[in-house]
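Dock chain R against chain V, hints included.
This is what each chain is made of:
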Amino acid sequence: MTTIFDASRPGRVNAQHAPEAQAITTLENQFLRASPPPLPQVSELQVVRHFTRLSQRNFSVDTHFYPLGSCTMKYNPRVCHTLASLSGFLDRHPLASEESGQGVLRTLHELQEMLKEISGMRAVSLVPMAGAQGEFAGVAMIRAYHLARGDHQRTEMLIPDAAHGTNPATAAICGLTVREIPTNAHGDVDLDALRAAAGPHTAGLMLTNPSTLGVFERQILQMARIVHDAGGLLYYDGANLNAVAGRVRPGDMGFDAVHFNVHKTFATPHGGGGPGAGPVGVGERLEPFLPVPVVGRRLLDNGGEWFFQMTQQELPDSIGPMAAFAGNVGVLLRAHVYLRMIGAEGLSRIADFATLNANYLMARLAAAGFTVAFPERRATHEFLLSMQFEAKNFGVTALDFAKRLLDYNCYAPTIYFPALIPESMLIEPTETESKETLDHFVEAMIAIRQEAQNDPHRVRTAPHAVPVPGKGPGRLDATRAARKPDLIWKENTVS
Amino acid sequence: MPFIPHTPADIAAMLLQIGAPNLDSLFDEIPAELRCPPLRLPPAMNEMAVTRLMRERAGSKPNGLCFIGAGAYEHHIPAAVWEIAARGEFLTAYTPYQAEASQGTLQVLFEFQTMMAGLTGMDAANASMYDGASALAEAALMAVRAHEGKGRKLLIPTSVHPLYRRVVHTLTRHQEIEVIELPFDPVEGRVSPSALNHYRGRGIAALVIPQPNFFGILEEADELTNWARREGALVIGLVNPVALGLLAPPGDWGDTGADIACGEGQPLGAPLASGGPYFGFLGCRQELLRQMPGRIVGRTLDAAGAPGFILTLQAREQHIRRSRATSNICTNQGIMTIAAAIHLSLLGPDGLARVAAACHANTLALTDRLLEIPGVTRIFTGPVFHEIALRLPKPSRPVLSQLARLGIQGGYRLEEHYPKLAKGILTCATETRTRADIDLYASTLTWVLNVKDA
Numbered sequence: 001m002t003t004i005f006d007a008s009r010p011g012r013v014n015a016q017h018a019p020e021a022q023a024i025t026t027l028e029n030q031f032l033r034a035s036p037p038p039l040p041q042v043s044e045l046q047v048v049r050h051f052t053r054l055s056q057r058n059f060s061v062d063t064h065f066y067p068l069g070s071c072t073m074k075y076n077p078r079v080c081h082t083l084a085s086l087s088g089f090l091d092r093h094p095l096a097s098e099e100s101g102q103g104v105l106r107t108l109h110e111l112q113e114m115l116k117e118i119s120g121m122r123a124v125s126l127v128p129m130a131g132a133q134g135e136f137a138g139v140a141m142i143r144a145y146h147l148a149r150g151d152h153q154r155t156e157m158l159i160p161d162a163a164h165g166t167n168p169a170t171a172a173i174c175g176l177t178v179r180e181i182p183t184n185a186h187g188d189v190d191l192d193a194l195r196a197a198a199g200p201h202t203a204g205l206m207l208t209n210p211s212t213l214g215v216f217e218r219q220i221l222q223m224a225r226i227v228h229d230a231g232g233l234l235y236y237d238g239a240n241l242n243a244v245a246g247r248v249r250p251g252d253m254g255f256d257a258v259h260f261n262v263h264k265t266f267a268t269p270h271g272g273g274g275p276g277a278g279p280v281g282v283g284e285r286l287e288p289f290l291p292v293p294v295v296g297r298r299l300l301d302n303g304g305e306w307f308f309q310m311t312q313q314e315l316p317d318s319i320g321p322m323a324a325f326a327g328n329v330g331v332l333l334r335a336h337v338y339l340r341m342i343g344a345e346g347l348s349r350i351a352d353f354a355t356l357n358a359n360y361l362m363a364r365l366a367a368a369g370f371t372v373a374f375p376e377r378r379a380t381h382e383f384l385l386s387m388q389f390e391a392k393n394f395g396v397t398a399l400d401f402a403k404r405l406l407d408y409n410c411y412a413p414t415i416y417f418p419a420l421i422p423e424s425m426l427i428e429p430t431e432t433e434s435k436e437t438l439d440h441f442v443e444a445m446i447a448i449r450q451e452a453q454n455d456p457h458r459v460r461t462a463p464h465a466v467p468v469p470g471k472g473p474g475r476l477d478a479t480r481a482a483r484k485p486d487l488i489w490k491e492n493t494v495s
Numbered sequence: 001m002p003f004i005p006h007t008p009a010d011i012a013a014m015l016l017q018i019g020a021p022n023l024d025s026l027f028d029e030i031p032a033e034l035r036c037p038p039l040r041l042p043p044a045m046n047e048m049a050v051t052r053l054m055r056e057r058a059g060s061k062p063n064g065l066c067f068i069g070a071g072a073y074e075h076h077i078p079a080a081v082w083e084i085a086a087r088g089e090f091l092t093a094y095t096p097y098q099a100e101a102s103q104g105t106l107q108v109l110f111e112f113q114t115m116m117a118g119l120t121g122m123d124a125a126n127a128s129m130y131d132g133a134s135a136l137a138e139a140a141l142m143a144v145r146a147h148e149g150k151g152r153k154l155l156i157p158t159s160v161h162p163l164y165r166r167v168v169h170t171l172t173r174h175q176e177i178e179v180i181e182l183p184f185d186p187v188e189g190r191v192s193p194s195a196l197n198h199y200r201g202r203g204i205a206a207l208v209i210p211q212p213n214f215f216g217i218l219e220e221a222d223e224l225t226n227w228a229r230r231e232g233a234l235v236i237g238l239v240n241p242v243a244l245g246l247l248a249p250p251g252d253w254g255d256t257g258a259d260i261a262c263g264e265g266q267p268l269g270a271p272l273a274s275g276g277p278y279f280g281f282l283g284c285r286q287e288l289l290r291q292m293p294g295r296i297v298g299r300t301l302d303a304a305g306a307p308g309f310i311l312t313l314q315a316r317e318q319h320i321r322r323s324r325a326t327s328n329i330c331t332n333q334g335i336m337t338i339a340a341a342i343h344l345s346l347l348g349p350d351g352l353a354r355v356a357a358a359c360h361a362n363t364l365a366l367t368d369r370l371l372e373i374p375g376v377t378r379i380f381t382g383p384v385f386h387e388i389a390l391r392l393p394k395p396s397r398p399v400l401s402q403l404a405r406l407g408i409q410g411g412y413r414l415e416e417h418y419p420k421l422a423k424g425i426l427t428c429a430t431e432t433r434t435r436a437d438i439d440l441y442a443s444t445l446t447w448v449l450n451v452k453d454a
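Sequence order for the protein chains is V and R.
Just so we're aligned, residue 1 is where the first sequence starts under our numbering, counting upward by one.
Just so we're aligned, residue 1 is where the second sequence starts under our numbering, counting upward by one.
Please keep in mind that the hints were generated in silico from the structure rather than gathered at the bench.
Where is the CB? At the ideal position from N, CA and C, for every residue including glycine.
Accuracy of the hints is not assured; some may be wrong.
Unchecked claim - Some chain V residues judged to face chain R by a derived CB distance under 8 Å, without partners named:
no., residue
1, Pro77
2, Gly131
3, Leu191
4, Arg218
5, Gln222
6, Ala224
7, Val329
Same shape as in the complex, but just chain V (with noise of 0.2 Å):
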């Protein structure tokens, strides 16, 4: 495993891609650094080579079965990313002027226009740049409502115990503290409990739905009544929304606030963690709160239109700004165009395959004798199995079986979340995954379960042949990655 700071030799200079080389007098010493940055000198070839060859140690959609519970790792169309890399998209300035802004402008205030329409709620912010962001503004416009409203005493945020991490962690740095919510046996919020929790001191309730567990939370109706009785708002985690995405909407379900993951449900590459996008959505109650800038429309006197990002002098209750400019732009580009392709019947169309195909896998492997963790409940675009049988009687757990799959060329589903379920496993296959490619993966489980009662060891040490037998890792110690942080690059230490 040579790193590109292994091939640097002192002397080795690309000069095609920098100006002629000026030597400053301008500048006091105080200012320059006294030795150049500690960056590799290598050339253009090392470098096409070493980047090039390290892709090719990646799984990733393009190459692989991907699936990661919770995730929507979906094909990611190409024309969606050709398109948002037009030169008129690429080379505009954020601060350029309005003039030449109108087509990208047009096509942003198009894409939000679409976000109201699906999640049912009346105004969209496309600004936040990551479901995580979205958030932070859906729970910041929720808390800035109570305090408007003087209800100071609106501190507690409740949350199911199945939620994302991201919930919690957002609700603690918007001040808030919080309040767990159990779930049933059944995998729905826990009613009495919620009723219990909700009260004076209630801003909000966050929730997914579908929920993690993969089933959808039929008591919804109920609960957003138990929260606005009690004066609270309702927060949708928009993370699931593939799954009913053109069936159900949000805002019809009673909820005041929703982010979208354009990565996940709208097909925008994940880029290897980055970067997605995190619209929100609001009722009318938090309508003077979004997150700017928000796209806004003016018609012209000659009958044509005139798109414009209207800032905090137009929208002074707005949260205030959550990036320098105006947000990931060119991932909103890609999603603007994927919806332009499927259109209406496109969208519940991918709701519906991707029901399918979460159904159908979880039927295979119920039949294969796996566990499925709601075994009365449909599954949603995603489902939970838990490994707990074969950890005890064979001393596998979802771990040994996740490093194990991509031995079998299928990257590993999301393990052991939700923690609700022990050795938990979620599997979500997305819409775009064939028929073959799901026999494939319950053909590999079954494999595995069987190594896993003739050879455990073999299971317990996988993977053993990612990205090529004897190329690749073996499973790597997390342990001593975190007890002694080896964190950069220096000379002389492990190559």
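Leaving out everything else, chain R in the frame of chain V:
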């Protein structure tokens, strides 16, 4: 069906396996009253039609010559950067939770962390934040955490990007942090070290030092750092990564160096793109490591002793610590940092220094040319690095609009956030601007200023 591979035979076989009569029945747990009518969305388009639409929206040549900086800069991006970064294996992977199947992304991030730590002179760097503004907010929160029990006051000069200051306010306002704005010296356009005396002994947790500052002026970073150190306050360096090709890194400021370095990564391979996606970077001294937010990649060994990379120190993060996490950040700006690592590898130390020098020289050349125009003056006297604040003889809004119509994106209107800087603009010329571009700007501005009622 677009992007859905199922044949009628597949659908029938799958429904049979499930034991469901049709697709609709898969939604039978959803209360009937919640089903929504068909949505009103624009009709579906095929790839040809959507291509035509988006080409129209992008325009053929809408943007003109860019002389705007103010936090985002037009730099040359070598062709190889996005040819490689946009490979599907990088672009369509997710956060590298399964390390063994994500060694590509993880190793690039490790190399990226190394480059950013090296550039800023810090001991460690994370795998990125959303953008420069949110990175500053996270740096502020981190400094206050590290300073626990010794005050929660943050001193931010008004020579810091005004939009960054607003974002810091949005993102930190619920944490009981007192943000104190430190006015810049109106003559020099930077913080006067003597002005700091006013804040002595007031329990300042951290001082932000922008270098260069929003006006493109170099702050006296050494003196400011030493002042903060005497006060027991942490120092947050807010820096431009291209400028660091030449400028002293935060790690070398003053007698001890800064504690945290952060900034906007856009100049390293990210297109301007109307505002994003960009990425923020954040690094720190070893002692603060466990207070650092965001993803961090570390090197470790496998069972056979072979090295590999893995996400580490996850005990700080939201998916483990939930409401006690250092931040709610979940992702980083993955692909943008991959592009940055490739960009920095292609430029190398020499290339980055050349780009920085050319930005400095071109901005000085632009300044000289524009100052030849009657009525155009410099606003500040402080030493300029790569951006210049100028006062026009006429109100800046109509002049800038007129320039834009003539193909020159002339700069940022300072009055937008600094009402006292009437008729002021902030402008720059990066390495991508030629002498001819600069001459064209000057002659167009001369023309615009001479037109009546401009």
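Let me know if the C-beta of V:Val329 comes in closer than 8 Å to any C-beta of chain R, holds or violated. holds (4 Å)
Restraint outcome when V:Gly131 is required to lie within 8 Å of chain R by C-beta distance: V:Gly131 check passes; min Cβ-Cβ to chain R is 7 Å, inside 8 Å.
Mind checking the CB of V:Ala224 against every CB in chain R and telling me if the closest is under 8 Å? violated (11 Å)
Given V:Gln222 as an interface hint, is the shortest Cβ-Cβ distance to chain R below 8 Å? Violated. Min distance 10 Å.
Taking the least C-beta to C-beta distance, is V:Arg218 closer than 8 Å to chain R? holds (6 Å)
Double-check V:Leu191 for me: the hint is only fine if its C-beta lies closer than 8 Å to a C-beta in chain R. Cβ of V:Leu191 sits 14 Å from chain R, so the hint is violated.
V:Pro77 as an interface hint toward chain R, with CB separation required under 8 Å: Status holds, d = 6 Å.
Violated hints, in rising order: 3, 5, 6; the structure is consistent with all others.
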